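Student: So the chains spell out like this:
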Amino acid sequence: NAGVTQTPKFRILKIGQSMTLQCAQDMNHNYMYWYRQDPGMGLKLIYYSVGAGITDKGEVPNGYNVSRSTTEDFPLRLELAAPSQTSVYFCASNLGLAGSGWYEQFFGPGTRLTVL
Amino acid sequence: GDSVTQMEGPVTLSEEAFLTINCTYTATGYPSLFWYVQYPGEGLQLLLKATKADDKGSNKGFEATYRKETTSFHLEKGSVQVSDSAVYFCALSKAGANNLFFGTGTRLTVIP
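First to last, the sequence lines map onto chains A and B.
Counting in our numbering, the first sequence runs from -14 upward without gaps.
Counting in our numbering, the second sequence runs from 12 upward without gaps.
Read the hints as simulated data drawn from the structure, not as lab findings.
Remember, it's a predicted structure, so these values are computed and weren't measured experimentally.
Among the clues, some could well be false.
Taking lysine-lysine and the DSS-like style, the derived pairs with C-alpha atoms no more than 25 Å apart in a straight line are [as the list claims (entries may be wrong)]:
#	chain 1	residue 1	chain 2	residue 2
1	B	Lys105	A	Lys42
2	B	Lys67	B	Lys79
3	B	Lys105	A	Lys29
4	B	Lys63	A	Lys29
Just some of the chain A residues that point at chain B, by a computed CB distance under 7 Å [unchecked claim]:
#	residue
5	Gly36
6	Gly38
7	Ile39
By construction, the Cβ of each residue, glycine as well, lies at the ideal position given by its N, Cα and C atoms.
Full structure from sequences and hints, please.
Tutor: Right under this line is the structure:
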C-alpha cells in the first residue's frame, strides 16, 4: 500500500492564482481530512469528509473548497491565493468513528505552499 | 474550547540522555490523547495513545501517562538515540469525534 499520497510536494503561487492540492489514499478509508500547519503552530483542520459526496468544514475553511467524488481522492482547492495561505498542508485518512475505540489517522507527507 | 499546550522547543540532547516533552490539555469530557512524530520529509505518524485516565501509552521506548488530575500527557524516553531526532506533536480528540487538536510541536535533535 502506498498509504496517503499528496502532490505536489512544493509549490509557489502568486497572489490571486488558483490551484488544487491532490490527496489520495489506497486503504479504503471512509474519512479524509485536510490540515494546515503554520510555522510554530499546530495543525488545524480545514475540511473533512466522511465518505464520497459528503464534506464538512473544519476550524479554518475560509478560502478553500473540497470535493469527494470517490473514496480514494480528496482534493483541496485554493481560489484566489493569498499570502495568509502560505503553509504546509497535510492530508490524512482513517476508517472513521469507532464505537469503543479510535481509528488512527494516517498522514501524507505534506505539500509546502508559498504565496507571494 | 479544546486545546493542547506543548513544551516550547527546540530541544537538543546528547545520545542516551533522558527525554521529557511536556504536554497539557484543556477539554471538556474525556478526550483521548496522542503523541505523533514527524521525521524529516515525512508525514505525521502515530507514536502512542491513551484513551482514558491513568492509561499509559508506549511504543519504541517512549511512554506517556494520561493524568486527568493534572490534565497532562508528558512524553518520556529513558535513553534517546540519534534516530529519534524529529518533531513531536501532542494531540487530543473528543469522544465521538474525529477531529484532532494539535499542540505546536517540539523539535528534538539528538547529537552523537
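Student: What hints, given by number in increasing order, does this structure fail?
Tutor: Those not satisfied are hints 5, 6 and 7.
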